[in-house]
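Trainee: Just need the whole structure built from these sequences, with the hints factored in.
Which chain is which? The protein sequence lines are A, B and C, in order. Under the numbering used here, the first residue of the first sequence carries the number 1, and numbering increases by one thereafter. Under the numbering used here, the first residue of the second sequence carries the number 331, and numbering increases by one thereafter. Under the numbering used here, the first residue of the third sequence carries the number 530, and numbering increases by one thereafter.
In case anyone wonders, no lab produced these hints; they're calculated from the structure. Please read all numbers here as calculations on a predicted model, not as lab measurements. Check each hint, because a few of them may be wrong.
As a list, the in silico EDC-like pairs of lysine to aspartate or glutamate whose alpha-carbon atoms are at most 20 Å apart [said to hold, decoys possible]:
| no. | chain 1 | residue 1 | chain 2 | residue 2 |
| --- | --- | --- | --- | --- |
| 1 | A | K64 | B | D439 |
| 2 | A | K35 | A | D69 |
| 3 | A | K35 | B | D439 |
| 4 | C | K772 | C | E810 |
| 5 | A | K64 | B | D443 |
| 6 | B | K472 | B | D334 |
| 7 | A | K35 | B | D334 |
| 8 | A | K35 | B | D398 |
| 9 | A | K34 | B | D334 |
| 10 | A | K35 | B | D397 |
| 11 | A | K76 | A | D51 |
Computed, partial: chain A to chain B, Cβ under 10 Å [claimed, not checked]:
| no. | residue |
| --- | --- |
| 12 | Q311 |
| 13 | A316 |
| 14 | E318 |
Heads up, the beta-carbon is just placed ideally off N, CA and C, and yes, glycines get one too.
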Amino acid sequence: MRHLLSAADLSLSEITEILDLAEEMSTVQDRPVKKLPALRGRTVVNLFFEDSTRTRSSFEIAGKWLSADVINVSAKGSSMSKGESLRDTVLTVAAMGVDALVIRHHASGAPWQASHWIDAHVLNAGDGTHEHPTQALLDAFTLRRHFRSADPSSAERNGQASDFTGKTIAIVGDLTHSRVARSNVLLLQTLGAEVVLVAPPTLMPSGVDSWPAANTTDFDEVLGACDAVMMLRVQRERMSGGYFPSAREYTIGYGLTRARLGALRPGAAICHPGPMNRGLEISADAADAANSLILDQVAAGVSIRMSVLYQILGGAEESVASPVREAAVR
Amino acid sequence: MDADQIARACARMAHQVLEANRGAAGLVLLGIPTRGVHLASRLAAAMAQVEGERIPVGSLDITLYRDDLRRNPTRPVGHTYLPVPVDDAVVVLVDDVLFSGRTVRAALDALGDIGRPRAVRLAVLVDRGHRQLPIRADHVGKNLPTAASERVSVRLEESDGVNEVTIARPSDADGATPSSFPSERTADADGAAAPGEDR
Amino acid sequence: MNDVLITGADLAGQGRADLLIRDGRLVDPADAGVDVERMDADGLIALPGLVDLHTHLREPGREDAETHDSGTRAAARGGFTAVLAMANTTPVTDTAEAALHIAALGRQAGHAQVIPVGAVTKGLDGAELAELGLMARSAVQVRVFSDDGHCISDAGLMRRALEYIRAFDGVIAQHAQDPRLAGAHACCHEGEVSGRLGLPGWPPAAESTIVARDVQLAALTGSRVHVCHVSTAETVDVLRWAKARGVKITAEVTPHHLLLTTDEVLGYDPTFKVNPPLRPEEHVRALQDGLADGTIDAVATDHAPHARHDKQHAFAEAAFGMVGLESALAVVVETMVDTGRLSWSGVAQRTSVVPARIARLSGQGRPLSVGEPANVTLVDPTARAVVDADNTASLSRNNPWHGRELPDPVVATFWAGRQTYRR
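Mentor: This is the structure:
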C-alpha cells in the first residue's frame, strides 16, 4: 500500500489485514514497554492544516509506539496568509527527508493532490468534506469487535468477511458535510454491510442516490432494523445556513433520543466519531448506554493508525525514479 | 526426517526440557509462528503425558522485531498470545529450524519488551548450522549438517498436511527460483518464509 | 508597409476570392502592384478577425499572470483582432481615466485592439454605480459594462444600471450567479461529482434564475443585457424563451463549456476549476445546440490567466479560471464545425460579426469586402495538433487543453492590415 487517501482504495483483504493487525497492535498498550521497533529510523510528519487534537495525537502515539520519529507541523492558516501555496508547503516538508506525511486539510482533495507532488507516502487524516479513511477503519474495527463479542462464532464460521454480511448500519446526520460518512459508506460497502443514510433532505449529499447505500429521511422507519447506528456531529452553524430550523426540531427528527434508544434492537451498537453535542444529535442516555461504543472508538484510534502506518511504512520502499515528480498542476 | 522421527525428536525434547527444569514448575512454552507454535503444542502435549499437568503454551510473533523489514515488501504480522505473564517464568522459545540465529535474536528482543522471564531457553526441531549471531539452542531435535545454499523444509501436519523435514539444493528445489535477495534465503534468512521453506 | 495579396481564400460563405490589403483596408485586388507581398491561401478560409467579448488581461495589477503585451500576442495567435478587457484589474476599470489607461496599454502592446469593459459598480462591490456615463463619453466610448467575477444580484441596482445605460446604447454583461444559491466557495457543478468529492456545489438554478430575472428587467427597461459564460441547459431555455418574445438579450458561451464536462475535476486538478463550473454532458450538448441555433449569440473565451502558484492550492482554494484565447477557435471547430453544427459563415457570425455588434465596435466584425478594415484571420480547416501548455504567448499555463489533440486552425492574423501572427 503506497498511500491511504480514500477508503475506496482498500480491498476486502486489505481491510481485513489492517483490522487483524490492529488487534495485534492493541495489545501494545497493555505491555510494560509500549514500543515496537518496526519503524525505527522512519520519519512521519503530521502536517495539519486544521486543528484536530484527537486525530493528530493518535497518529503521533501510533508512530512513536512503532519507533518512528514523529514531528507535528501545524500549517493552520499559514500557506494562504503567507502567500505560500499548498504545493510549496508540501514540498518544503517533504524535502526534509520524511517517509510519510499524515495530512489533515480543511479542503477536500488536498492529500490526493499532495500525493502527486511528492514521493513520500501520504495518509489522509481527514480532508474537507471528502474523506477520513482511518476514522472509518477504526469504526469498522470497533464494530467488528462488537459483532464478534455478540456472536463469538462469527469470526470462525465463514472467515472475517462474514462479520459485516447481513448487518444493517445507519449513518445519521449531516451527511453533506461529513467526511466520516463518505469513508464509512465506502468501507462498509466493501465489508459487505447494508448501509442506510438518514438525514433531512437539506443535509443529504448531492447525488446520494448513486451511492452504494440506501437513504431515507425517516430515522424511525429504519431504527428497529439497525445492528449499529453511527451518529454524526451536527454543527450548530448549519442552522444559520438554513439547513434546519432549530436544534429542537433536529433532535426530535434525527437525534438518538432516549425514546429512540428504546426502539433500537437489543445490543445494537451506538457509534459517534466525536466530539459529541450531547442533547443535540445524541442524548446522554444513548452516549452512555451499555451498547455505546464511543469510548471504544477512541481507544481503537491508536491501534488502527499503528496498523496503517506499518502497512505503508513497514516494508521496503519501491524504487523511486525521480526525487520530485512533475506536478499534476501545471 | 519422516513423521516417526519427528515424533521421537519431540518426545525426547519434551523430556529434556522437563529434566533441565527439574519438572514443569514455572515453564511457559512460546512458539514462534507458524511452525514453532505447532511444535510448542506438541511438546506441551508430550510433557503433559509425563508430568500429568498442562504446560502453558503461547505464541510469540517476531515480525515487528526483524532486522530485515526494510529489505522486503511489508510482511504480514503473526499472532502473539501469552497464556500467562512471562515475568519470572522460565520461557522456552520453540521454533522449527535454527539457522542464522536472527529469528531468535528478534524473539529475545520481543520477549524483553513483554516482561522479564527468570530464564529463556531455546528448543528447535532442526539445527542446520551456519550461525551468524552468538546464539545456541538448549534442546535440539536433530542436528542437520547442510550447505549454506541448501534449503531445509519443515512440514507439519497442522499447517502442511504432512510431517517431514527435507533438504533441497537450490537447483532441484521444487519450483524455487534463485532469489533476487540471495541473502534472504541463505545467509541471513532465518525468518518467516513461505510454507515449506526453511528459516 | 507593403501591400499584401492573399490569393484563393474561401471567404466563408462568399465564395473564393483574392484579398488585397493596403493601408489597413481591403482594396480591389485588381489594383495589386508588382512589389506586392503574396500569400497563397489556397485551401484556407478567411474569416473576419475574431472578437473576444470576454478577456482578462490582468494588467494593471497582476502582470505576473498576463500583460497587455502577452495577452494580445496570445489573442493574435488565436486569430483575434479585438479583445474586450474585463474590468476586474487592480485598480478596477471603474472610471473614464482607468478606461483610457487600459486602451493606452493595449495600443502600446499593439497585437490586437483592446477595448476596455467598464465596471457597473464602483470597485465591483455591487453597491454604488460607477461613473458609467463618463466612461461612455470618454474618448474610448465604453459601451460594455460588467462586474464580471461578481453577479449584480441586487435587482434594484440592476434595474437602475440598465435604465442608465440606455442613454448611450450600452449593454450590461451579467455574471449570472445568485450568491445565495452559489456562494464564493461554490466550485463544482452541484451533482453526483460534487457530492462524492465533497466540493461545494454550484447548482444550475443559481445561473438561470438570475438570467430569468434579467430578462424581465431588460423588458422593463428596454435596455440591453448580455449574459456572460452561459453554462447550463436551463439558461439556454430561458434565453430561447426571451428571444422569442423579442427581449433585447444576448449571450456568450466559452469554449471550455462547449467541450469539457464535470468529470474533469475528478482528479482535483485546479486547472479545471473555473467559474461557472464545468457541467455534465447534457448541459454541454444544450450549449452546443444553443450556439448552433443562435440562442447563444457568441463564443467568448473568458481567458483567465493565473500565475502558477495561484493554481497550486487545494482545489477549493485555488484561483478560478483557465486560459482560452489561443485555443478558442480550435474548440469551436472541434465541437461545432467538424460535427456539422455550424458552417464557416456561422463561425464568422458567432466569433466576430455578432460579438462586434454587441460591443458596438464599428471597425471589427465587418464583411471581407473592398473598403472595409483589413481585419482578417486565415484558417486551415483540416490541421490538427496536440496542445502544449508551454507553446504559448500567454504568461500563464493554466491550460485545460494541454495534451489533448485539437484542430489547429489559425494560420495568420491581420489586424488593421498588419500581420499580427503567422504560423
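Trainee: Hints first: check each against the structure and report whether it holds.
Mentor: Evaluation of the provided hints:
1. A/K64 to B/D439: 18 Å, holds
2. A/K35 to A/D69: 12 Å, holds
3. A/K35 to B/D439: Between A/K35 and B/D439 the Cα gap is close to 11 Å, so the pair holds against 20 Å.
4. C/K772 to C/E810: 25 Å, violated
5. A/K64 to B/D443: 15 Å, holds
6. B/K472 to B/D334: 13 Å, holds
7. A/K35 to B/D334: 42 Å, violated
8. A/K35 to B/D398: Answer holds: A/K35 to B/D398 is near 18 Å, not above 20 Å.
9. A/K34 to B/D334: 43 Å, violated
10. A/K35 to B/D397: Judged against 20 Å, a Cα distance of about 15 Å means the pair holds.
11. A/K76 to A/D51: OK: A/K76 and A/D51 at ~7 Å, within 20 Å.
12. Q311: Hint on A/Q311: holds, closest Cβ of chain B at ~6 Å, below 10 Å.
13. A316: 6 Å, holds
14. E318: 9 Å, holds
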